[in-house]
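Colleague: Here is how the chains run, residue by residue.
Number of protein chains: 4
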Amino acid sequence: MINVALLGFGRIGQMHAENINKNKDLKLLYVYEKIDFLCKKAKKLYNCKIEKKYNKIFQDKKVDIIFISSPTNTHINFIEKSIFHKKTIFCEKPLDLNINKILKTFKNVKKYKPKIQLGFNRRYDPGHFSIKKDLDKNKIGKLQKIIITSRDPSPPSLTYLKSSGGIFRDMMIHDFDLCRFYLGMDEIVEVQAFTSSFDPMYKKIKDHELAVVSMKSKKGVLCIITNSRHCSFGYDQRIELFGKKGMLLSGNQKIDSTELFKFNQSSIQKPFLNFFVERYKEAYALQLNELADLHKGKVKSRSTFEDGYLALKLANACYKSLRFKKTIKI
Amino acid sequence: MINVALLGFGRIGQMHAENINKNKDLKLLYVYEKIDFLCKKAKKLYNCKIEKKYNKIFQDKKVDIIFISSPTNTHINFIEKSIFHKKTIFCEKPLDLNINKILKTFKNVKKYKPKIQLGFNRRYDPGHFSIKKDLDKNKIGKLQKIIITSRDPSPPSLTYLKSSGGIFRDMMIHDFDLCRFYLGMDEIVEVQAFTSSFDPMYKKIKDHELAVVSMKSKKGVLCIITNSRHCSFGYDQRIELFGKKGMLLSGNQKIDSTELFKFNQSSIQKPFLNFFVERYKEAYALQLNELADLHKGKVKSRSTFEDGYLALKLANACYKSLRFKKTIKI
Amino acid sequence: MINVALLGFGRIGQMHAENINKNKDLKLLYVYEKIDFLCKKAKKLYNCKIEKKYNKIFQDKKVDIIFISSPTNTHINFIEKSIFHKKTIFCEKPLDLNINKILKTFKNVKKYKPKIQLGFNRRYDPGHFSIKKDLDKNKIGKLQKIIITSRDPSPPSLTYLKSSGGIFRDMMIHDFDLCRFYLGMDEIVEVQAFTSSFDPMYKKIKDHELAVVSMKSKKGVLCIITNSRHCSFGYDQRIELFGKKGMLLSGNQKIDSTELFKFNQSSIQKPFLNFFVERYKEAYALQLNELADLHKGKVKSRSTFEDGYLALKLANACYKSLRFKKTIKI
Amino acid sequence: MINVALLGFGRIGQMHAENINKNKDLKLLYVYEKIDFLCKKAKKLYNCKIEKKYNKIFQDKKVDIIFISSPTNTHINFIEKSIFHKKTIFCEKPLDLNINKILKTFKNVKKYKPKIQLGFNRRYDPGHFSIKKDLDKNKIGKLQKIIITSRDPSPPSLTYLKSSGGIFRDMMIHDFDLCRFYLGMDEIVEVQAFTSSFDPMYKKIKDHELAVVSMKSKKGVLCIITNSRHCSFGYDQRIELFGKKGMLLSGNQKIDSTELFKFNQSSIQKPFLNFFVERYKEAYALQLNELADLHKGKVKSRSTFEDGYLALKLANACYKSLRFKKTIKI
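Chains as they are written, first to last, in the numbering used here: chain A, 18 to 347; chain B, 18 to 347; chain C, 18 to 347; chain D, 18 to 347.
Worth flagging that the hints you see were computed from the coordinates, not collected in a lab.
None of the values given here were measured: they were computed from a predicted structure.
Do not rely on the hints blindly, as some may be mistaken.
Treat identical chains as interchangeable: a pair holds within one or across any two.
[Stated by the list, open to error] Derived pair list, reagent style DSS-like, types lysine-lysine, alpha-carbon separation capped at 25 angstroms: (1) K279 with K262; (2) K124 with K287; (3) K79 with K156; (4) K287 with K262; (5) K58 with K236.
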């Protein structure tokens with residue numbers, strides 16, 4: 018068994034704990050968490066060691082993987098420590114909100130080459146990954162356009178929103194990463210952004226309710242991402258790859274495959290799987306399998322530190338585009 | 018232009034008149050109809066000759082096609098007269114409710130070989146015909162099963178129902194014919210039938226609200242037809258061909274291709290095209306094109322007198338199966 | 018934890034073992050199996066007790082649930098023994114191929130009222146169960162027709178087929194049960210059957226490749242079931258409930274929700290989930306949850322001994338209908 | 018009957034001639050065309066008057082409607098003449114490539130208030146119009162986003178492309194208009210554009226193969242339009258309206274509603290209706306009905322001169338955005 022120390026037992030950390038617990042190769046050895054009742058919850062659910070001082074965890078030779086789902090501003094520190102103690106690393110997105118901190122650590126990453134996997138779960142979704150494979154198999158010819166629709170069913174808490182880094186760094190970062198995933202070696206060179214808010218709350222906290230971004234790659238591929246913090250009909254997650262010889266779609270998943278037909282309406286279908294825990298359940302499981310294989314040295318990471326850095330760079334460029342009402346060169 | 022005399026200007030006759038009027042090769046020369054206000058309506062709409070004595074029509078050398086949409090019990094007489102006067106014939110289904118009358122005329126049909134087309138409009142539907150072509154192209158391998166669902170949005174008038182000949186001869190006759198169309202040379206040899214009525218009216222008039230028929234062909238193909246005199250969600254018309262190597266479906270058509278997504282429901286679609294006039298609009302137009310080509314001697318008829326006879330034979334076998342609670346050999 | 022003894026570690030038994038192992042309330046304590054290499058496999062995978070003498074299992078007070086997935090002809094004996102030792106019972110379908118043996122045990126079931134759940138997994142499928150709930154909520158008004166399509170991707174081994182009891186008792190038994198599930202208190206009173214075989218193998222072993230059954234309930238609901246031992250495009254599992262005010266469908270599930278569009282073809286989708294292990298994965302898990310709750314006395318069983326008996330009775334009636342080419346009264 | 022004079026019998030003019038000929042209220046009285054063989058073709062098909070001097074047409078009192086489908090640079094002149102002679106006007110898009118010419122005529126339009134309908138056929142499409150009505154009925158709450166995908170199956174001839182005015186004025190003008198149609202009184206205030214070309218031909222003629230435009234309305238609605246001059250899988254025409262309480266889609270139409278299931282692929286559907294003549298057939302017919310009603314004074318025009326002017330203004334803003342790599346204020 019591979020021993021995992023989970024840092025952070027908040028909303029997303031709890032989901033990771035459950036997934037780690039189910040994985041046949043991984044064992045949840047430690048949970049590091051500061052809040053008391055969360056510690057108790059972790060203890061009760063997984064009967065693992067609870068630790069309030071993270072240094073003991075890093076020093077424990079039995080710990081194989083450091084699994085970082087603590088607040089964003091702790092990520093870089095934990096990555097540095099993991100590199101020093103030669104641990105395999107998982108880190109939630111975003112790496113940090115300060116790109117300079119990231120760049121500094123990037124040097125160590127290049128130098129010490131730790132085994133590291135970023136929390137870009139969508140790369141592991143069977144549907145989203147299937148169209149990547151089909152694209153690479155040339156099923157639609159040369160890629161010309163990527164269109165991503167990503168809408169959360171409802172916004173997170175105001176507290177979360179305030180420290181989230183904003184819609185581009187917190188939410189669209191997944192979509193920047195997916196565009197880069199499909200583009201492969203062809204990097205994005207130009208960015209334009211538009212945002213809009215109907216609920217005045219968003220302006221107060223200097224965030225945005227809706228965002229649209231257009232980007233262009235070196236080879237001329239156009240990428241369009243559209244985000245919304247809310248979506249009355251559920252977690253809307255769609256990807257469209259338009260190529261010279263065809264189109265690939267990865268669509269939404271409904272809670273079951275039943276339909277109702279009645280007077281004046283046909284094919285009424287069930288709602289989408291509610292949110293990321295349900296929608297990307299398989300993706301999270303498959304990503305953990307890769308993490309175990311990465312630790313064993315069997316595979317390369319599908320989502321690297323560099324991916325985390327470059328996605329954030331695009332998010333920052335969007336803020337610049339908004340401020341100057343300009344197309345921004347990357 | 019090819020001159021057409023339309024016999025019968027009732028509900029279906031009026032639809033045919035409009036279609037004939039739109040066809041670029043056909044001219045509506047005569048309408049034969051006994052009811053005064055229908056005659057006026059025909060005159061007003063099409064400015065054609067109105068005739069109450071059909072003999073004058075048959076004797077008029079200018080008439081090329083006799084188009085029979087009069088009451089069922091007049092069909093055979095009009096076919097006989099058309100054969101005698103060497104007219105091209107279109108005849109609505111069913112040929113007659115009395116199979117002996119049909120058999121007698123069948124001899125003349127074999128002898129004089131008139132150009133005749135039966136009103137099996139569904140054979141001409143682009144979707145239904147497309148799966149026939151794909152079947153013949155071996156896209157699904159050897160045919161093993163045919164499943165037809167056919168439901169009317171609502172029952173016809175009580176007056177119509179009473180003289181309709183019953184659900185098998187009036188409604189399911191289209192589906193018997195479609196099974197035979199897909200089977201090609203492989204004829205049906207055994208039949209089983211079940212019916213049911215929830216509205217007591219159907220028992221009073223000795224008809225049935227719902228009917229299910231299973232049939233087996235000489236080569237072992239199983240055919241299942243399910244009919245209903247009503248369907249709250251519209252005119253339900255579906256065909257499924259199951260073969261050794263695949264399946265072909267011809268599905269319903271909706272009034273437009275829009276969808277609504279809202280809380281708790283997704284992909285809500287528009288209702289089906291309402292009834293045969295709308296659903297089989299293209300089929301009727303294509304059938305008229307074939308009728309014109311048949312008259313010109315360019316093509317063979319896709320739906321022959323024999324098809325009309327054999328479909329009725331199956332309908333009759335169903336009544337026998339019901340009465341004796343047995344599988345009936347054809 | 019509730020302790021489970023699994024009797025039979027064949028193909029389906031192995032699937033059950035894995036599901037039991039994943040269930041948070043159940044513990045796999047024993048596996049009873051005669052074949053040596055299967056015993057070793059069970060030991061290795063689940064580290065449970067392996068027992069070749071079933072009496073010791075029944076006598077062990079620690080055993081709460083007897084889980085029967087051994088060959089069909091052992092089911093009744095194991096149920097009797099479970100009743101005697103007051104165990105909670107799960108039993109795979111069919112109960113037995115001999116209806117008289119079943120009837121005898123039925124008396125004990127009525128007398129001693131054991132906690133028993135039959136292996137009718139489809140009743141627990143989220144989709145199939147969702148339309149049952151919607152039907153009971155009157156979403157489509159009065160039920161008038163049930164149409165079930167059930168096709169296996171490919172036939173089982175010849176060895177299995179020979180002792181399976183035939184397509185009606187082995188395969189369609191699930192569909193008989195589903196019809197009864199949707200009908201509720203309204204029992205089936207008449208049955209008609211048709212079969213067909215294209216591969217000569219089926220005739221040699223006196224079984225059938227394809228089968229179609231029509232049934233009628235006391236209240237007049239028509240039920241149509243169509244089965245095939247093979248299906249080139251996967252495990253085809255569809256249910257249609259037609260009511261006075263609407264229709265409910267429970268459709269197939271595809272391996273992901275991607276689509277490909279290319280020249281001359283649009284919306285090309287992925288194949289269906291391969292077979293029962295994948296397609297009814299959730300159903301099996303939910304059924305085990307119910308089994309645990311049944312043992313705890315929290316719920317009634319959704320699939321009873323009587324359900325097992327009545328489904329077999331319908332299967333037998335189908336053979337009678339085939340032999341006498343008649344509609345059979347139940 | 019309302020007499021129509023058709024100016025221009027090129028590709029689009031010929032389609033209009035056929036539609037006018039089919040309309041029950043309209044009569045094709047004149048065709049004005051300079052190219053000889055086109056004149057002969059018009060004469061042969063419609064037996065109408067052929068005129069090479071347009072003044073005679075404007076002076077003919079019998080002419081009710083001037084139907085302008087001649088080259089773009091003649092539109093404004095013909096509109097002016099029509100206003101002078103008090104004719105009802107239909108004019109193809111774009112009004113002109115020179116916005117100053119348009120502005121000058123706009124003054125006369127405001128002064129003399131001619132009955133005029135612009136060639137924005139998509140406003141009349143049953144699907145696209147149905148979601149407009151549903152939006153106005155508040156089915157999705159407040160509108161927040163419009164996403165339009167519009168791809169032609171293949172580019173027009175090089176000759177056409179060279180004088181087309183470019184992708185924004187020739188092709189996306191329909192989509193600018195549709196956005197304005199859905200926005201109602203809420204006008205667009207900001208525009209961003211991106212383009213890309215993979216085929217070097219487009220750069221040579223200073224046009225673009227692909228284009229993406231983001232726009233923002235006064236009230237904050239985000240509009241995203243994506244165009245392509247080619248689309249291997251057909252004429253891709255989709256509209257998505259995202260509102261606070263739901264989403265409306267108007268989707269593609271396939272040539273029939275059949276599906277093929279085979280090993281490893283399911284639900285393979287037929288291609289989209291090929292191009293605008295087929296896809297917008299009903300829209301063109303409905304627009305002609307409105308034109309007849311407009312002439313009779315029964316209705317207001319759904320697509321006005323102002324709509325033509327404002328769509329072109331947006332097209333021009335896109336070129337400015339491209340040139341200066343900036344967000345452009347309207």
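Colleague: Up to 25 angstroms between alpha-carbons, please classify K124 paired with K287: within, between, both or neither.
Modeller: Neither. Shortest intra-copy (48 angstroms) and inter-copy (43 angstroms) distances fail the 25 angstroms Cα cut-off.
Colleague: Measure nothing new, just compare the shortest in-copy and cross-copy C-alpha distances for K279 and K262 to 25 angstroms and report within, between, both or neither.
Modeller: For K279 and K262, only the inter-copy Cα distance (6 angstroms) is at most 25 angstroms; the intra-copy one is 39 angstroms.
Colleague: Taking 25 angstroms as the upper bound on the Cα-Cα distance, should K79 and K156 be classified as within, between, both, or neither?
Modeller: Close neither inside one copy (46 angstroms) nor across copies (58 angstroms); limit 25 angstroms.
Colleague: I want to check one pair: K287 and K262. Are their C-alpha atoms no more than 25 angstroms apart within a copy, between two copies, both, or neither?
Modeller: between (33 angstroms within a copy, 16 angstroms between copies)
Colleague: Using 25 angstroms as the alpha-carbon threshold, which applies to K58 and K236: within, between, both, or neither?
Modeller: neither (50 angstroms within a copy, 46 angstroms between copies)
Violated hints, in rising order: 2, 3 and 5; the structure is consistent with all others.
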